[in-house]
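J.: Kindly generate the complete structure, drawing on both the sequences and the hints.
There are 4 protein chains.
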Amino acid sequence: MLRNPFEYSARVRYADTDQMGVVYHARYLEWFESARTEMLRYAGFPYRNLEEQGFFLPVIEAHCRYRLPVHYDEVVNIRTQMEEINRLKIRLKYRLFIEGHPALRAEGWTLHCFTDKGGKPVRAPQELIDVLKARLSEQIDL
Amino acid sequence: MLRNPFEYSARVRYADTDQMGVVYHARYLEWFESARTEMLRYAGFPYRNLEEQGFFLPVIEAHCRYRLPVHYDEVVNIRTQMEEINRLKIRLKYRLFIEGHPALRAEGWTLHCFTDKGGKPVRAPQELIDVLKARLSEQIDL
Amino acid sequence: MLRNPFEYSARVRYADTDQMGVVYHARYLEWFESARTEMLRYAGFPYRNLEEQGFFLPVIEAHCRYRLPVHYDEVVNIRTQMEEINRLKIRLKYRLFIEGHPALRAEGWTLHCFTDKGGKPVRAPQELIDVLKARLSEQIDL
Amino acid sequence: MLRNPFEYSARVRYADTDQMGVVYHARYLEWFESARTEMLRYAGFPYRNLEEQGFFLPVIEAHCRYRLPVHYDEVVNIRTQMEEINRLKIRLKYRLFIEGHPALRAEGWTLHCFTDKGGKPVRAPQELIDVLKARLSEQIDL
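First to last, the sequence lines map onto chains A, B, C and D.
In this text, residue positions in the first sequence follow our numbering: the first is 1, and each later residue adds one.
In this text, residue positions in the second sequence follow our numbering: the first is 1, and each later residue adds one.
In this text, residue positions in the third sequence follow our numbering: the first is 1, and each later residue adds one.
In this text, residue positions in the fourth sequence follow our numbering: the first is 1, and each later residue adds one.
By construction, these hints were calculated from the structure, which means they are not laboratory data.
Keep in mind the model is a prediction, meaning the values are calculated, not measured.
You may find that some hints are simply not true.
Copies of the same chain look alike in the list, so a pair counts if it works inside one copy or between any two.
SDA-like, lysine to any residue: derived pairs with alpha carbons at most 25 Å apart [claimed, not checked]:
1) 93 x 113
2) 117 x 50
3) 89 x 126
4) 120 x 15
5) 120 x 52
6) 117 x 55
7) 93 x 22
8) 93 x 50
9) 93 x 129
10) 93 x 10
11) 93 x 58
12) 133 x 73
13) 89 x 63
14) 93 x 105
15) 93 x 11
16) 93 x 60
17) 117 x 51
18) 117 x 22
19) 93 x 61
20) 93 x 30
21) 117 x 48
22) 120 x 98
23) 89 x 132
24) 117 x 105
25) 117 x 11
26) 117 x 20
27) 120 x 83
28) 89 x 22
29) 133 x 45
T.: What follows is the structure in structure tokens.
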């Protein structure tokens with residue numbers, strides 16, 4: 001499979017925390033969105049362009065396991081990996097770390113299908129899939 | 001002017017709080033959205049229907065003054081009043097209380113203009129304005 | 001297992017939607033929060049009181065499968081069921097419908113463990129577990 | 001007055017948009033939060049450290065005027081300026097642009113008072129105010 005963890009970083013805002021003094025669990029899905037968006041941009045396919053070409057990638061399943069809390073003002077590093085890709089769907093895997101700490105804080109995945117603007121499932125062109133695979137297949141050591 | 005405070009209530013969620021143990025300040029604008037939406041519904045003009053007829057009411061200015069904090073699980077009551085209405089714009093005023101406590105927690109206002117779907121300013125039909133005014137002009141004691 | 005689906009309703013706000021014209025996927029986790037909070041209140045254990053007694057229930061795993069989109073101003077009904085409960089953890093299952101439509105829109109689950117205020121795992125008192133089980137075990141037809 | 005516009009940039013996420021196809025108005029207040037946080041960090045006073053020393057800066061008033069819409073995937077540049085600072089309160093002003101476009105998209109301000117952890121108003125040490133003033137008073141041309 002593709003093994004290229006792409007790293008995206010974000011600073012925890014007050015807006016992300018809750019009264020337990022940690023990041024509210026739903027915010028992780030927003031980080032995953034930014035992480036995959038930047039990975040697609042890095043691969044040469046800004047998601048905005050995909051939409052302009054008529055291909056949408058709504059989330060059809062999402063999962064997150066919260067292992068250790070994340071706190072205000074910490075910098076989260078999210079390593080995203082393409083786990084599965086074909087003309088119908090894409091599965092991405094995320095691992096979340098805090099800058100300067102080796103412990104895994106959270107891990108998750110999202111499943112997306114290709115649809116048209118109206119939400120109808122479509123097949124993405126094979127060329128698109130091939131290029132995405134190629135661009136994301138180089139191993140990076142993280 | 002119109003003097004009909006319409007009351008909308010919501011329960012504070014964990015999602016609304018931040019690590020100071022109070023509601024995060026940006027969430028108040030979301031409550032104001034729900035408050036004006038329910039006021040329009042009560043007046044017989046669900047905002048969704050306005051949009052279906054081609055009239056949008058984007059926020060062009062928003063203000064909030066935070067007087068006393070609001071905490072998790074409290075029930076907020078928002079009293080909304082139409083302050084100004086004409087074919088070009090609408091100004092709404094909000095006062096926020098906690099159920100069972102007389103002290104004003106926050107107050108704010110939003111200014112909206114009528115636009116078409118593309119965001120171009122338009123004039124709303126005079127009939128719409130007249131009916132809204134009439135329906136929201138009965139005094140309610142709160 | 002316990003089979004009491006508790007129903008919680010919420011109106012979709014503009015704040016919940018994204019530019020695809022549907023509810024943004026992370027918002028579902030916020031609805032699940034409200035749904036379980038109201039279920040605990042209905043069972044006689046407001047979550048706020050649990051925290052005051054020193055018992056916290058952070059989310060340690062969350063999952064959601066999005067089957068059909070949800071739109072602005074629709075009323076979502078979330079049916080929550082206790083799937084598993086013991087002194088260490090609680091698993092809840094959620095099914096999401098739109099008022100007036102029989103089709104399942106989304107389904108998900110969350111796993112929680114009992115911790116103290118500092119986040120350290122603790123065992124909840126057996127009496128608490130027994131009473132929760134008893135109060136949530138009556139079958140309701142929905 | 002202090003005239004040092006500090007620039008903070010952020011990418012618009014799907015999470016920030018609403019079904020009008022533009023950024024939801026409450027999100028601007030979250031950007032303002034990041035903008036002032038990074039300005040304080042740049043001035044040598046990470047907000048986290050202020051809190052650790054017992055000084056909190058809750059928002060007591062917020063204002064935003066939305067001039068032109070902001071869209072998905074655009075990069076917003078927020079120029080923050082200290083407008084007023086004394087031992088009791090701080091007023092910040094924000095102007096929001098889109099990278100590569102000269103037109104002002106939005107402008108706003110927030111007012112903050114110094115409080116202790118419990119939310120009680122306090123006076124910040126004069127040295128802190130003097131250093132903040134000095135560090136933020138160099139003019140930058142933007």
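J.: Broken hints, numbered, in rising order?
T.: As far as the earlier hints go, not one is violated by this structure.
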